[in-house]
Amino acid sequence: MKVVGKNTVRVDGIALAKGKAVFADDLQLPDLLHLKLLYSPIAHGRITHIDTTKAAALPGVAVVLTHRDFPPHFYTTAGQGYPEPSPRDMLILNPVMRYVGDKVAVVAAETPEIAQQAADLIEVQFEELPAIFDPRDAIDNPVVIHGEISDDPFLYDPRRNIAARVTADLGDVDEAFHNSVHVFEREYSTPYVQHAHIEPHITLTWLDDHERLVIRTATQVPFHVRRIVSEVLDFPLHRIRVIKPRIGGGFGGKQEILNEELCAAVTLKTGRPVRMEMTRREEFFAARSRHPEIVKLKIGLDADLHITAIDLKILENCGAYGPHALTVMSVTAQKTLSLYKAPNIRLHADAVYTNLPVAGAYRGYGAPQGFFALESMLDEIAADLGVDPIELREKNLFSPGDEIPIARILGEGREGYEMKLNTTGMTRCLQRGAELIGWGERRGSEKTAVCRRGVGVAAACQGSGIPGIDMAAVFLKMNEDASFNLQTGATDLGTGADTVLAQIAAETLGVPVERIIVYAADTDLTPFDTGAYASSTTFVSGGAVKKAAEKLRAKILSQGKLLLNTRRAEIKDEFVVAENGEKISFGEICSRSLYTDNQRQLMATASHMSYDSPPPFNATFAEVTVDTETGLVRVEKIVSVTDAGQVINPPMAEGQVEGAIPQSLGMALSEHMMFDKKGRPLVTTFHDYHIYTALDMPEVVVEFIHTHEPTGPYGAKAVAEIPIDGPAPAVVNAIYDACGVRIRNLPVTPEKILRGLGKLK
Amino acid sequence: MWSSLESIVKPKTIAEALEFRQTAGARFLAGGSYLVSEQDPMVTTLIDLNGLLETDVREEAAALVFGAGLTLQSLVEFQWDTPGVILAEAARYSVSSKNIRNQRTLGGEIARMRTDSELCVLFHALRGVLHITGKAGSIKTSLEDWDGNGILTHIEISRKTLEHSALERYALLPSAPAFMIVCGAKSTHGFNFCTGGRARNYWTETCAEKAFKGEAIRNFSEAASEQFESDRYGTRAYKKMLLKIAFDRLREKL
Amino acid sequence: MKVHFILNGKRHSAKTPPGETLLEHLRKSGFYSVKHGCDEGSCGACTVLIDGRAQNACLILVQTLAGKTVETLEHFNLKQGVTPLQEAFLKTGAIQCGYCTPAMLLALEAVKRTHPKPDIETIREALSGVLCRCTGYVKPVAAAMHENVTEGEEQTGD
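Line by line, the protein sequences are chains A, B and C. For what it's worth, the numbering used here labels the leading residue of the first sequence as 1, then goes sequentially. For what it's worth, the numbering used here labels the leading residue of the second sequence as 1, then goes sequentially. For what it's worth, the numbering used here labels the leading residue of the third sequence as 1, then goes sequentially.
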């Protein structure tokens with residue numbers, strides 16, 4: 001292959017390297033209004049009185065909107081395919097406040113400062129209601145967070161505060177436990193953490209010359225934005241255009257319709273351009289976060305240490321509303337039950353409402369929570385039975401050709417599709433990782449010093465798009481110099497997707513990647529794509545690109561044959577070459593097609609949807625130092641070995657892994673979203689929310705194991721999410737190796753270590 | 001946009017700066033990194049001290065005198081002989097962002113008296129002397145005794161004390177603000193200590209060199225722990241234990 | 001009040017209200033390489049050079065800049081093509097979303113003026129004020145190191 005698997009400079013690289021005006025906010029609109037929100041200061045309550053007179057009278061204020069200005073239309077902000085498998089439990093503005101940060105009112109003014117000042121002038125009184133902060137207290141609590149909705153098929157049982165429930169059964173779990181030689185049962189939990197993309201949520205809306213609504217927004221899901229804004233504002237979809245420029249990171253945080261509907265509403269009301277940029281503080285309490293989960297695992301093993309049964313119980317805290325509530329915990333279950341063979345499986349998962357910030361999609365989408373539990377548990381079992389953790393894992397892995405039964409049982413909010421494992425590099429990832437970390441020498445080393453070193457491992461699998469749902473379409477057309485415009489709805493949010501898609505097109509068409517001109521994504525100008533989530537772009541959108549490029553290649557060949565007046569010819573180095581050696585260049589074929597012979601635009605479209613979602617695999621190894629006097633943990637080294645099938649762009653794929661590592665380490669060690677007893681956020685700045693800086697990074701070693709996935713473009717699987725699953729459990733397992741302390745509830749804190757060591761009672 | 005701000009004045013002399021300070025809503029602006037991020041709506045006038053304060057380190061016989069206009073980054077980059085390295089270290093830890101250290105001044109950092117500033121905790125332990133110019137002229141005072149009035153122009157420390165000083169800090173990440181800082185220095189009066197971090201206030205103590213062990217350390221840990229609350233960094237019991245570890249480690253270092 | 005300073009090598013007169021930050025002023029004036037990320041100095045996306053040193057534009061009031069020198073990435077950009085450091089970023093894959101890239105480049109350019117061949121610790125230190133959520137800093141650091149090598153080769157006439 002000439003392009004795939006090679007280092008290609010990003011197609012958007014020069015603009016980004018030069019800081020050009022390519023992000024959503026990098027333009028100036030005349031007559032612009034700025035939005036600010038008034039947020040609920042209480043965790044649960046009803047608005048009993050609201051007076052916006054003073055706010056509206058402030059000079060420079062254009063409009064103040066409250067719940068009275070919107071007809072009650074329930075929707076979900078989850079940017080998912082239609083119908084969204086998330087409860088429709090939100091209103092644009094609510095008369096009921098369900099968390100500190102819920103939206104009370106919107107102000108649009110000439111400057112952000114005036115808008116803020118006006119928001120502060122809104123007089124509002126609440127009848128405060130008792131609140132629920134602990135997800136364990138949610139079910140059947142006399143406090144009901146969403147009592148008024150009853151007819152939503154994706155809302156499980158609001159009267160019991162259950163947003164969603166998923167169950168699954170395979171075989172006979174009880175019987176299997178009864179016959180197992182070893183049975184282990186443990187509970188683990190993961191906290192609220194945040195995406196912390198550096199570009200905040202930013203949306204601009206305006207009416208174009210044809211009085212169509214233009215939404216230029218930092219989104220991962222432009223087509224869902226168009227659909228959901230149209231629906232919730234009851235504004236015709238054909239009069240909405242959503243433009244996705246370059247995005248300053250998303251990680252799932254921008255798979256949400258967060259401010260687009262508000263900006264659009266004000267633009268439609270005033271006819272003026274509107275801008276809403278979230279402050280960093282708002283990002284921390286009013287945007288989305290990772291669902292905290294309590295995961296209970298019961299695992300049985302036979303005498304040969306083969307897993308006989310897994311009983312998995314998940315209690316997911318979705319916060320005050322339920323975007324992604326059902327699907328995140330489905331993914332927790334689906335991914336954690338796809339790594340090891342277990343003939344008997346039982347799953348019970350509940351997503352419950354609490355009066356805390358709203359969780360949403362965050363890279364890994366439930367899998368990091370699940371693998372934290374599963375991979376910690378495997379480590380505990382290995383320690384208890386005195387076997388090597390790698391050996392225990394290897395014994396139980398699925399093999400190529402195996403059916404993964406949970407995939408059929410559990411799909412995206414409905415039944416899934418049969419899944420046969422075509423390729424797995426899992427064992428090789430584990431073995432290569434063990435070599436790179438020095439597993440044999442470093443594990444179980446001396447345990448007497450104050451500062452003790454330890455190593456740990458975690459394995460994981462993810463998916464490549466949502467099978468049977470994610471769909472991508474592309475349009476490809478040829479120009480006279482054998483360049484090609486690739487128009488795609490796929491959403492590069494900083495991942496390099498545009499480049500990967502260009503590489504796939506270039507490889508298929510047999511031209512250098514520089515000749516692929518990518519344009520994405522714009523609901524007016526590019527074909528549909530479900531968007532950038534679920535690790536779908538390379539696999540699904542890439543599949544569409546490959547199909548379209550193959551079609552176009554065939555057209556070029558047949559046009560070439562026609563122009564050469566031959567029946568037999570082949571494509572070679574940008575020429576169509578006839579059997580007799582006569583040849584015609586791609587450029588000439590295109591020129592003559594456009595202007596003189598058998599005139600037509602050489603172009604192709606293709607759509608791609610896959611019932612397969614081949615899992616990428618990863619083994620992450622961590623080496624840590626634990627100070628047994630202070631309890632402080634430092635991560636010294638991370639080795640991450642991934643099977644992503646055929647890697648399309650090696651440095652970019654490495655970059656995905658390198659960036660995922662500190663996000664997961666942060667969840668393990670330093671990123672805590674905390675709330676006080678009244679549900680108010682205690683952490684709303686980067687001063688308090690410690691994400692990794694250049695000074696904190698451990699040594700990072702990233703490698704790939706090559707496999708060739710037959711269902712993926714050029715053998716590719718996904719890479720975006722898989723590397724975020726392993727670091728947290730690997731660190732916790734390394735801590736155990738270092739000092740014998742098992743942390744089951746993240747985050748790891750120094751105090752938990754000391755208590756584990758028995759130094760603090 | 002700091003909406004409440006009506007003017008920024010640039011005094012030519014310290015006397016003029018003090019004069020401006022009489023205006024209601026006026027505040028001194030040193031580096032500005034704290035002030036501008038907070039944008040206090042009560043502030044209407046800023047008195048820009050930049051260029052007014054010295055930015056050098058003067059080595060006098062037994063003392064080092066720092067100009068309050070020094071940036072924290074210049075403390076990091078200063079060509080220290082070995083004992084001064086702890087100052088560079090403290091400056092680096094006080095804020096891990098080099099961008100901010102390029103802006104933040106020593107005077108601003110001391111005036112802010114944040115307990116999670118390694119520099120402030122260290123200067124407490126070093127028994128730093130503040131040179132303050134007020135309406136009535138210049139005075140020298142200690143960090144504890146300064147009421148915040150006047151302009152801090154210099155900070156003076158004993159070279160000898162600096163030579164026998166040490167710093168312990170505990171943070172979740174190297175770059176994260178420390179939740180506990182403990183500094184110690186040996187002077188002619190004995191050992192001086194100061195604790196800080198995410199604490200209500202500094203806790204300072206002096207004790208004779210010989211007495212600094214076992215029982216005393218336990219008592220100090222107990223006393224200092226009163227400044228700490230149970231928070232996301234740990235319970236007070238943990239903090240107390242950590243203080244004892246920190247004191248023990250300082251004892252080793254000193 | 002009107003304030004005069006040197007912006008990207010040119011005399012710049014700004015008529016700004018006292019409360020306006022340099023970040024607001026620069027973006028309003030079309031210097032879009034300077035990004036907004038937190039408004040409180042924590043993320044460094046708005047990094048600019050003030051008298052050659054990297055600082056956060058969100059923490060600087062324009063009126064305090066009289067007589068100073070301000071540089072944004074636009075000052076380093078070539079009319080066409082890229083600088084060696086930009087080239088190194090592109091080649092190593094140090095750019096993901098690109099939002100913090102201008103800040104990283106400026107912080108490194110500032111360091112290069114005093115340390116033509118910065119070691120890895122100096123590079124990490126230079127980047128300490130710039131948060132990046134995409135790269136884990138691995139490739140940006142590698143790019144800065146890589147650029148050392150390239151420059152070294154040029155110096156030896158290679």
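Read the hints as simulated data drawn from the structure, not as lab findings. Quick reminder that beta carbons are idealized off the backbone N, C-alpha and C, glycines included. Just so you know, not all the hints are guaranteed correct.
Quick list of in silico lysine to aspartate or glutamate cross-link-like pairs, EDC-like style, CA-CA up to 20 Å [said to hold, decoys possible]:
(1) B:213 <-> A:629
(2) B:240 <-> A:629
(3) C:28 <-> A:31
(4) A:677 <-> B:231
(5) B:253 <-> A:629
(6) A:759 <-> B:248
(7) A:759 <-> B:222
(8) B:10 <-> C:20
(9) A:572 <-> A:480
(10) C:28 <-> A:174
(11) A:20 <-> C:74
(12) C:91 <-> C:71
(13) A:678 <-> B:229
(14) B:244 <-> A:629
(15) A:341 <-> A:174
(16) A:6 <-> C:87
(17) C:117 <-> B:77
(18) B:160 <-> B:81
(19) B:253 <-> A:627
(20) A:551 <-> A:480
(21) A:759 <-> B:215
(22) A:678 <-> B:77
Computed list of chain B residues with no C-beta within reach of chain C, every gap over 12 Å [as the list claims (entries may be wrong)]:
(23) 2
(24) 16
(25) 19
(26) 59
(27) 80
(28) 98
(29) 101
(30) 142
(31) 192
(32) 205
(33) 210
(34) 217
Against the structure shown, which of the earlier numbered hints fail to hold, in ascending order? 10, 12, 22, 23, 28 and 29
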